[in-house]
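Hints are included, so try docking the two chains, each in its own frame, into the full complex.
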Amino acid sequence: MPKVVVVTSGKGGVGKTTSSASLGAALAQEGHKVVVIDFDVGLRNLDLVMGAERRVVFDLVNVVQGDAKLPQALIRDKRVETLYLLPASQTRDKDALTEEGVGRVIDDLRESFDWIICDSPAGIEKGATLAMRFADLAVVVTNPEVSSVRDSDRIIGMLDSKTLHAENGGRLEKQLLLTRYDPARAARGEMMKVEDVLEILAIPLLGIVAESPDVLTASNVGCPVTLHNPGSPAARAYRDAARRLLGETIAVDEPQQERRGFMSRLFGRKAAA
Amino acid sequence: MPAQLYPGPHPAAAPRATPDADGPSLPMLRMRGRSIMALVIAPEPPFTNWFAALDQQMRRSAGFFADRPVVVDLAAVIESVGREAIPVALEGLEARGLRVIGAEGVGPRLLAGTRWARLPTSLHGRDVAQAPAADPPAAAAVRSLLVDRPVRSGQSIVFEDGDITVVGAVASGAEVIAGGSIHVYGALRGRALAGLRTGAGARIFCRRLEAELVGVDQLYRTAEHWGPDLHGRAVQVHCDRGALQLSALD
Chain S
0 MPKVVVVTSG KGGVGKTTSS ASLGAALAQE GHKVVVIDFD VGLRNLDLVM
50 GAERRVVFDL VNVVQGDAKL PQALIRDKRV ETLYLLPASQ TRDKDALTEE
100 GVGRVIDDLR ESFDWIICDS PAGIEKGATL AMRFADLAVV VTNPEVSSVR
150 DSDRIIGMLD SKTLHAENGG RLEKQLLLTR YDPARAARGE MMKVEDVLEI
200 LAIPLLGIVA ESPDVLTASN VGCPVTLHNP GSPAARAYRD AARRLLGETI
250 AVDEPQQERR GFMSRLFGRK AAA
Chain F
0 MPAQLYPGPH PAAAPRATPD ADGPSLPMLR MRGRSIMALV IAPEPPFTNW
50 FAALDQQMRR SAGFFADRPV VVDLAAVIES VGREAIPVAL EGLEARGLRV
100 IGAEGVGPRL LAGTRWARLP TSLHGRDVAQ APAADPPAAA AVRSLLVDRP
150 VRSGQSIVFE DGDITVVGAV ASGAEVIAGG SIHVYGALRG RALAGLRTGA
200 GARIFCRRLE AELVGVDQLY RTAEHWGPDL HGRAVQVHCD RGALQLSALD
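Sequence lines, in order, name chains S and F. Take 0 as the starting number for the first sequence in numbering that gives the first Met the number 0 and just add one per residue. Take 0 as the starting number for the second sequence in numbering that gives the first Met the number 0 and just add one per residue.
Looking at chain F on its own, in the form it has when it is part of the complex (with noise of 0.2 Å):
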C-alpha cells in the first residue's frame, strides 16, 4: 500500500466518514501500488539508421514492444543534435505505435510548449539486467528458426520469437540465442544462450558439447565448470530449481 504517498492520514485509516457538514458523504477512495516493467531505449542520431534498426527489431519480433509502456531517453539526443530534435525522435516512436510514458535525461523546461509537455520526465526506477520476459504468447504456434548451415565464428543468430536448431556445427566465436531452446545437430564450440522467452523452461541439446559458454534464463555456465567429462559428448542443459545442470545425453 502507497501510505506514504499521501499528506494527510490514509483514507483507509482515517476514522470512519463522517457526513460533512456540506454535503453527502463520498466514497472511499480505494487504490493499490503497482509496479510494472518498461522499456527504456534511448534514439541516437542519424535517425534514418536509428529507426530503420527499430523497425527491423519490430519486424523480427513482432510481440516485443506490443503493450509495453516505454520510458525514451533523450540525452543522447540532446547533447548531439539539440532540443529541436525531441520531437522527430518522439514522433517517430509514436508511429510506429510504442506507448511512451515517460522521457529520461530532459528537463521539462525542454518539452513546455510541445504536445509532450504533460510526459513525465521524473519517473522513479531501476534498470533491471535484461529485458523482461514477455508472457508466453496466449496459444501461438509454435515457431523455429531452422538454420541448415554451420553457424561460423563471429556470427550471432538471434530469434526470440522461439527455438533454434541447427543443423551443423556451431563455430568459436559464433552465438546463438533463442526465446526458446536450442537444438545443434553437430558440435557446439561456441556459445548457446536459451529461453530468453520461455525462461527457465528452456534446453539447450547437442551433438557434441565443445561450448565456450552456455546458458539457460540468466544462468550460465563456462567450460572451465564442467570439466572434461562432457566435453566431446551429447550434452543437454537444463534448470533445475534455480541450478544450470549439464547431463550426458548418451
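Okay, chain S solo, but in the shape it has when bound (with noise of 0.2 Å):
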C-alpha cells in the first residue's frame, strides 16, 4: 500500500527540504521505492539538496499542465536506484498548480512507488495546502523554538480541516520531527525542551535531529545526510525516523552534550507509537 507523506511545517528555514531528502534517501536504503517532490514552485531546492540541480529537464508544473510525461520528468538519484525526484519549476509560481493536476500526479505515482514524498514550501498559503492535499500522513518539521512551534501547531490545524483524508470524516496522522535541536543551548536553558514542544504539539515524535555541520554540509554537497556521512548522529537520527515510518518500534533518543553519562544512555526516550 503505497503511503502520501506531506513533510510540512508552516515556518521556513527549519529543515523541510533537508528532512525531505534525507528521510526519502533512508526509506530507499532500506530497499523501497521511494519518490520525493519538491512543491516549493519558484523557490525549488531540493534539487541541489539531492544533488540533481543539472540535471533537470521536466517538473512537476510541466506534468501537472500536460505538457511532459510523469516518467519524463522523474529524476533517478545515481547513488540509491529506487530513489527518485520530482523537482519543482524554478521559472512559476504556486498558481500554475492545480489540485485536479497533482491529484492526478500523485495517483499516477502510487502505481509504481511505495513512498511518495511531498516536500511543502513555507507558508500556509497555495502550494503549501497542495502539497498536504494527498497525504496519508504528514511528518511536522519543528524547531524547539516558539515561533516555530506556533507555526507548526497552525499546520496541524489545517492538517485536520484542509486535507482529503480531514473532509472524508477522518483524521490525518500527524507525527513530529524535531530538527535544530542543540543540546548545549537546551542545557542552558535557551531553547524550549522536548517536553514542552511535545506537549503544545500534541503529536507522537517521529524523531530528534540535532544541529549539526554534517547537515549543513551535505546539504551543499547535494547529497542527502543519510548517505553523504552515514555514521554522524543526524544521518542516524533520520535513519531511526525512517525505520519508525516503517512500523518498527525505536526508542527516541535525546540528544546530548558531547560526553554523556552512562545513565542517560540507558533510559532513552520512549518512541511515537
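One or more of the hints may lead you astray.
Stated by the list, open to error - Residues of chain F clear of chain S, computed beta-carbon distances all greater than 10 Å: (1) 41; (2) 84; (3) 157.
As the list claims (entries may be wrong) - Partial list, computed: chain F residues near chain S (C-beta under 10 Å): (4) 149; (5) 151; (6) 153; (7) 154; (8) 172; (9) 186; (10) 188; (11) 190.
Stated by the list, open to error - One-sided and incomplete, this derived list gives chain S residues near chain F with beta-carbon spacing under 10 Å: (12) 77; (13) 154; (14) 159.
Just so you know, these hints were derived from the structure itself, not from any lab. In this text the structure is predicted, and so the values were computed from the model without any measurement. Cβ coordinates follow ideal geometry from the N, Cα and C atoms, glycine included.
Set out below in C-alpha cells:
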C-alpha cells in the first residue's frame, strides 16, 4: 500500500527540504521505492539538496499542465537506485499548480512507488495546501523555538481541516520531527525543552535531529546526510525516523552534549507509538 | 419625553382641553420615547457569497436576528454595483425574514419608485461597539459545544448559543468565543472571550492559565495584567462588580 507523506512546518528554514531528502534517501536505502516531490514552485531547492540540479529537464508544473509525461520528469538518483526526484519549476509560481493536476500526478505515482514524499513550501498558501492535500501521513518539522512551534500548531490545524483525509471525515496521522535541536543550548535553558514542544503540539514524536555541521555540509554537496555521512548522529536520527515510519519500534534518543553519562544512555526517550 | 418633537406646545403641557367650536373634544394623545437597538448590516457583492455567509450565521445562531430591527447600509452595494442592485439586496434580506426598518448610505431618490420608497433613509443613532446582548432565551434548553481536540493556532471556535467545553489545549494564536461560559480542560494559551450572550454571569475556567487574553462581557485582560503568580495554574475568570477577577482554583 503506497503512502503519501507530506513534510511540512509552516515556518521556513526549519529543515523541511533537508528532512524530505534525508527521509526519502533513508527509506530508499531500506529498499523501498521512493519519490520525493518538490512543491516549492518558484523557489525550488530539493534538486540542489539531492544533487540533481543539472539533470532537471521537465518538472512538476510541466506534468501537472500536461506538457510532459511523468517518466520524463522523474529523475533517478545516481547513488540509490530506488530513489527518485520530481523537481519543481523555478520559473513559475504556485498558481501554476492545480488541485486536479496534482491529484492526477499523485495517483499516477501511487501506481509505481511505495513512498511518495511531498516537500511542502513554507507558508499556508496554495503551495503548502496542495502539498498536504492528498497526504496519508504528515511529518511536521519543528525547531524547538516558540515561533516554529506556533507555526507548526497552525499547520496541524490545517492538516486536520484542509486535507482530503480530514474532509472525508478521517483524521490524518501526524508525527513530529524535531530538528536543529541544540543540546548545549537546551542544557542552558535557551531553547524549548522536548517535553514542552510535545506538550503543546500533542502529536507523537517521530525523531529528534540535532543541529549539526554534517547536515549543512551534506546539503552543500548535494547529498542527503544519510548517504553522505552515514555514521553521523544526524544520519542515524533520520535513519531511525525512517524505520519508525516503516513501523519499527525504536526508542527516541534525546541528543546529548558531547559527554554522555551512562545513565542517560540507558534511559532513552520512548518512541512514538 | 420627546417634547422637542412637537412644533407647538406639548399636548400634555397644554391647558385643559377646551371644546373646539366645530366639534366634540378629542382624546388627549399620549406618547413616549423609546430607543431600541437595531443591527446595521451592509450587503456586499458578490451577493451569492454574502447571502451564503448570512444563511450560515442564521443557522449557527438561530435567535440572532429574531425580532430585531435591521438597518441596511447600502453604500457598498451602490458603490460597487450600482443602484439596480438595491432591490436584489433588499429582497434577499426580506426573503430571510429580516425586519428592515431603514436604510443607510442611500438617498430617498434612489429608492423612489420601488416598493421600498417609504423606507426611512435618515435614521439617527450611533453605533454601539458590540451586538446587543439578547435577552436570555426563556427556558431554552442549556446548549453547549464540546470540542474534544486541541484548538490549534489560527483556529477560531465561535459558539454564541451557549457554553464551550474544550478537552485539550487552546494554542497560542487560537481563540474561543462563547455566548456563555468557557471550560478548557488543558492549557489555555490563546484567547478566550465569554459571555457574548449571557453577559457578566459567564465565567472562564481553565486547567492551566497561559493565555494571551481573557474577556467576559466586554471586559478583558491581557497576560501582562495578571502577572506571573497565576501563570500555569488552574484559574477561573469572572466578573465582580464590573471588574474582571482572576482567581486560582487550586
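Comparing the hints with the structure gives:
Listed as a non-interface residue, residue 41 (chain F) keeps its Cβ farther than 10 Å from every Cβ of chain S; the least gap is roughly 28 Å. For residue 84 (chain F), the requirement that its beta carbon stay farther than 10 Å from each beta carbon of chain S is met, with the minimum near 30 Å. Distance to chain S confirms residue 157 (chain F) as a non-interface residue, since its nearest Cβ pair spans about 15 Å, more than 10 Å. The restraint placing residue 149 (chain F) at the interface with chain S holds, with a minimum CB-CB distance near 5 Å, inside the 10 Å limit.
Given the 10 Å rule on beta carbons, the hint for residue 151 (chain F) holds: about 3 Å separates it from the nearest Cβ of chain S. For residue 153 (chain F), the interface hint holds, since its Cβ comes within 10 Å of a Cβ in chain S; the closest pair sits about 4 Å apart. The closest approach between the C-beta of residue 154 (chain F) and any C-beta of chain S is roughly 5 Å, which is under the 10 Å cut-off, so the hint is satisfied. Taken as an interface hint, residue 172 (chain F) checks out: its beta carbon lies about 6 Å from the nearest beta carbon of chain S, inside 10 Å.
Residue-level restraint check for residue 186 (chain F) holds (minimum Cβ-Cβ distance to chain S is 8 Å; threshold 10 Å). A distance limit of 10 Å between C-beta atoms decides the matter here; for residue 188 (chain F) the minimum to chain S is near 8 Å, and the interface restraint holds. The interface hint given for residue 190 (chain F) is violated, since its Cβ lies 14 Å from the closest Cβ of chain S, which is over the 10 Å cut-off. Checking residue 77 (chain S) against chain F by beta carbon gives a least distance of about 41 Å; that is not within 10 Å, so the hint is violated.
A hinted interface residue such as residue 154 (chain S) counts as satisfied when its beta carbon comes closer than 10 Å to some beta carbon of chain F; here the least separation is about 8 Å, so the hint holds. Proximity of residue 159 (chain S) to chain F holds as hinted, the smallest CB-CB distance being about 7 Å (cut-off 10 Å).
Hints 11, 12 from the earlier list are contradicted by this structure; the remaining hints agree with it.
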